[in-house]
Amino acid sequence: METSLARAIRAEQNDRKAVTDDEKAMAYVSQIQREIIQNWSRPPSARNGMQALLKVYLVPTGEVVNVTLTQGSGNDAFDRSAVLAVRKAERFVVPAESAQFERNFREFEVLFRPDDLRL
Amino acid sequence: MKHSPYLLATALLGIVLLALPVQPTWADLRIEVTKGVDNAVRVAVVPFEWQGSGALAESISDIIDSDLMLSGRFESLPVSQMLSLPHKPEQVFNRDWRMLNVEYLVIGSVMAVADNRYRVSYSLYNVFKQAVELKQTIEGDAGELRDLAHFVSDSVFKLLTGIEGAFSTRIMYVTASGPLTNRIYRLHIADADGYRVETMLESKEPILSASWSRDGRYIAYVSFEVDSRPAIFLRDVVNGTRQQLTNFPGLNGAPAFSPDGKQLAIVLSKDGNPDIYTLNLDDRRLRRVTRHYGIDTEPSWSPDGKGIIFTSNRGGQPQIYQIQLADLSVERLTFEGDYNAKASVLPDGSGIVMVHRRDGIFHIAMLDLQRGRLTVLTETSLDESPSIAPNGSMLIYATQADGEGILAAVSVDGGVKFNLPSSEGDVREPAWSPQKRRMFKPLSD
Amino acid sequence: MVRTSTRGIIALGLAAFVLVGCASKKTEIEAPAPAPVAVAPAPVSVAEPVVEVRKPVVNRGKISLPASDGTAGMVELQGLFYFDFDQTIVKRAGHIELNRHATALKEDSTLRVRLEGHGDERGTREYNLALGERRANAISAYLLAQGASRMQIEVISYGEEKPVDGGHNEAAWAMNRRVEVVYR
Chain A
22 METSLARAIR AEQNDRKAVT DDEKAMAYVS QIQREIIQNW SRPPSARNGM
72 QALLKVYLVP TGEVVNVTLT QGSGNDAFDR SAVLAVRKAE RFVVPAESAQ
122 FERNFREFEV LFRPDDLRL
Chain B
14 MKHSPYLLAT ALLGIVLLAL PVQPTWADLR IEVTKGVDNA VRVAVVPFEW
64 QGSGALAESI SDIIDSDLML SGRFESLPVS QMLSLPHKPE QVFNRDWRML
114 NVEYLVIGSV MAVADNRYRV SYSLYNVFKQ AVELKQTIEG DAGELRDLAH
164 FVSDSVFKLL TGIEGAFSTR IMYVTASGPL TNRIYRLHIA DADGYRVETM
214 LESKEPILSA SWSRDGRYIA YVSFEVDSRP AIFLRDVVNG TRQQLTNFPG
264 LNGAPAFSPD GKQLAIVLSK DGNPDIYTLN LDDRRLRRVT RHYGIDTEPS
314 WSPDGKGIIF TSNRGGQPQI YQIQLADLSV ERLTFEGDYN AKASVLPDGS
364 GIVMVHRRDG IFHIAMLDLQ RGRLTVLTET SLDESPSIAP NGSMLIYATQ
414 ADGEGILAAV SVDGGVKFNL PSSEGDVREP AWSPQKRRMF KPLSD
Chain C
8 MVRTSTRGII ALGLAAFVLV GCASKKTEIE APAPAPVAVA PAPVSVAEPV
58 VEVRKPVVNR GKISLPASDG TAGMVELQGL FYFDFDQTIV KRAGHIELNR
108 HATALKEDST LRVRLEGHGD ERGTREYNLA LGERRANAIS AYLLAQGASR
158 MQIEVISYGE EKPVDGGHNE AAWAMNRRVE VVYR
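Protein chains in written order, with the working numbering: chain A, 22 to 140; chain B, 14 to 458; chain C, 8 to 191.
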């Protein structure tokens, strides 16, 4: 009884910690997202619905050390513009806390999928 | 249903944090980017190294720089702001360019390899990736320096935009100069950047509706030079010969080559009303295509050559219609607006561009044939004669600036707009050549 | 010595001429001073009074008819007819003057006229060429209905290619949407 209660309390605390961690991560993520958007110049051949998936590698300072294309759109200019958008950012703001950095930002994916183009 | 704040935030920001159900792992953080700013790409064209004696007649790198600027997609860096002038990738010092926020470099050299023979070696360098994206060597003779430069511009443009460049193409247009009572009309062909103008015809009577054959060998146009009446002429651009194709009573107008170059769609009013006909260029056989008491004019072929779109006022005002040549069935294509005219089909058949009147102002508009959506592309007024570039991404049209006709260009998505270098007098009716003036085969390294 | 019309005096269709000869005040005001003044030669010996009708004079595409006021003057006919945007209907205001042209053509089968249709710069060139032809055809149909012969009339369209007013405003456009009646 007591053990199960203690377990439940611990579980709830963990959940809450996870949620606050998520919320913290969210702030960094949306900042990264904004920076990439600011750097993304789509080529005129880009069309809504195209998708390019990139893997981004950072070091704890937030510096971009590598960007790879894991899934291309079929349009080289589009893919190149996506890679450039990340590379131009050069450095993202990331959590100072090591565990958080390692968990979320050491490497992550960016999916480029425009939906605001005219065509 | 209850949503966790986390899920809600994800939905709002368009960020997907994929978590595996068994073991949540943040390695799967995925940021989704659905928008961009689409600024001009920052390119620095570094003056090419010249390895030869004397001075070159043309600066290849200047021409490339001006081509890229003209396209509206790029922002170039003035030479005066460059911190170094590399000619080879190994000479590039990245920080020089990152500081200036330059994304790509065009670097290279020109070498005299024989009498009147030049070799251009160039690289397109990605500053942020610190890598060469493209490296080519091409050769041409003294008279082809501009062509060599345009070839480089086309290659760079294609790599960075995903669209075939149009800098090696030519533009045909008509100018009218002199007082209204004593006008001189001229038909010109010039490079897409406005240089190397050749005058095909000069007349005291109007010249209009010039169009290219698909292979770029022939042009057809309407001239009033014979007895001040309209007639359709065919001219061989290569050897300069020409012949009069029609001399019917009434209108002889709007010639348009079929995609296979064997026929000309034309407009004749010899049977009482302006109707569309096809003229077989081999046997000169004439076939009447439309038969309506309204005005049918401005024919333009569908890319497969099976149909012709045209302007007709059969519904009361000018609108665009399509007729199938097999069964002569007619379908109306435009319904938005009270004036749609002079349409042409995009090379992929996905849409048409045309003159469209909105709020009393004449603009160029595109109609997406699949989605039925009409988009006005231009903000200028009195716009006319849209002509699609062979790459299908840009179109050139005639408009007015300070009371004079000028040429302007706009991308089919409306995102890029620019005016073309002005020519003397009133400029009108641009027609983009379907072919490049000169092609080069890159040498293997 | 005043140059006289060599076409002489023909007593023909007087009634018709008197009718159409009564040019409106407007036309008389607008018409430039008639250049070639045709004066009938003094009759040498005439047995009985002949009603004389002087021939119309064609100069630089315009036709001048003898004045109806009994003087020796000539009145040049207005040769411009205007149209509304995207319209090919002959305006009622032009009917009287067109009637004079029709009668002149009917009276003298040797007269040849070219109807030149024009449009304003708005819209597309080929469509405007077609509109110009429609306008000229409308004038042609009117003249034919009034008795001119098909042989006498040639129709041509210049579309928007030959404006008379180079402006880019409603006033200029109104001047450019026209058919010019040009005698040859």
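It is worth saying that the hints were derived from the structure and are not from the lab.
One should not assume that every hint holds.
Derived coverage of chain B by chain A (criterion: at least 3 residues anywhere in the stretch with Cβ under 8 angstroms from a Cβ of chain A; other residues may be distant) [to be verified]:
no., segment
1, 49-58
2, 210-217
3, 252-264
4, 426-433
Glycine included, C-beta positions come from ideal geometry on N, C-alpha and C.
Checked hints:
1. 49-58: holds (count 6)
2. 210-217: As far as the segment 210-217 of chain B goes, the hint is violated, because 0 residues have Cβ atoms under 8 angstroms from chain A.
3. 252-264: violated (count 0)
4. 426-433: It holds, with 4 qualifying residues against the three required.
The structure is inconsistent with the numbered hints 2, 3, although it conforms to all the rest.
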